[in-house]
Amino acid sequence: MAARNDIYCADLGPPAGRRPVCVLTRDAAIAVLTSVTCAPITRTICGIRSEVELGEEHGFPEACVISCDNVITIPVEALDDEPVGHLGEFARARLDEALRYSLDIVY
Numbered sequence: 023m024a025a026r027n028d029i030y031c032a033d034l035g036p037p038a039g040r041r042p043v044c045v046l047t048r049d050a051a052i053a054v055l056t057s058v059t060c061a062p063i064t065r066t067i068c069g070i071r072s073e074v075e076l077g078e079e080h081g082f083p084e085a086c087v088i089s090c091d092n093v094i095t096i097p098v099e100a101l102d103d104e105p106v107g108h109l110g111e112f113a114r115a116r117l118d119e120a121l122r123y124s125l126d127i128v129y
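Here this note's numbering is used: the first residue of the sequence shown is 23, the next is one more, and so on.
Bear in mind the hints are in silico, worked out from the structure with no lab data behind them.
Hints may be right or wrong, so weigh each one.
Claimed, not checked - Pair ranges (Cβ atoms, derived):
{"#": "1", "residue 1": "39", "residue 2": "119", "range": "18 to 24 Å"}
{"#": "2", "residue 1": "54", "residue 2": "84", "range": "35 to 41 Å"}
{"#": "3", "residue 1": "75", "residue 2": "53", "range": "29 to 35 Å"}
{"#": "4", "residue 1": "53", "residue 2": "122", "range": "33 to 39 Å"}
{"#": "5", "residue 1": "39", "residue 2": "83", "range": "16 to 22 Å"}
In this text, a Cβ means the ideal position worked out from N, Cα and C, and glycines have one as well.
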């Protein structure tokens with residue numbers, strides 16, 4: 023079963039096709055939902071606060087980012103059976119910051 027901060031390959035349909043995504047849905051909800059909210063991972067790097075940089079330490083052969091400005095909800099079935107990675111503590115903290123920035127959540 024998927025978990026928050028897991029990285030999966032997923033079929034996003036046209037025009038995006040298959041690409042890696044980072045699961046954002048909280049763990050308690052994943053077990054009862056048929057869809058999960060994810061942020062796509064892309065090699066298009068803009069260098070903005072709503073991106074989380076990833077690289078070889080996350081299993082990617084080249085630099086890429088989690089794009090928090092492009093959050094999507096997809097069916098659980100669109101995720102591959104097994105994750106290709108999981109965010110570590112530092113990347114999870116950066117993801118939380120990027121999501122707050124992209125959604126303009128201030129607290």
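A quick look at each hint next to the structure:
In this structure, residue 39 and residue 119 break the distance hint of 18 to 24 Å, their C-beta atoms being roughly 29 Å apart. Our hint of 35 to 41 Å for residue 54 and residue 84 holds, since their Cβ atoms are close to 36 Å apart. Range check, residue 75 to residue 53: Cβ separation about 30 Å, and the 29 to 35 Å hint holds. About 25 Å separates the C-beta atoms of residue 53 and residue 122, a value inconsistent with the hinted range of 33 to 39 Å.
In this structure the hint that residue 39 and residue 83 lie 16 to 22 Å apart at CB holds, the actual value being about 18 Å.
Violated hints, listed in ascending order, are 1, 4; each of the other numbered hints is respected by the structure.
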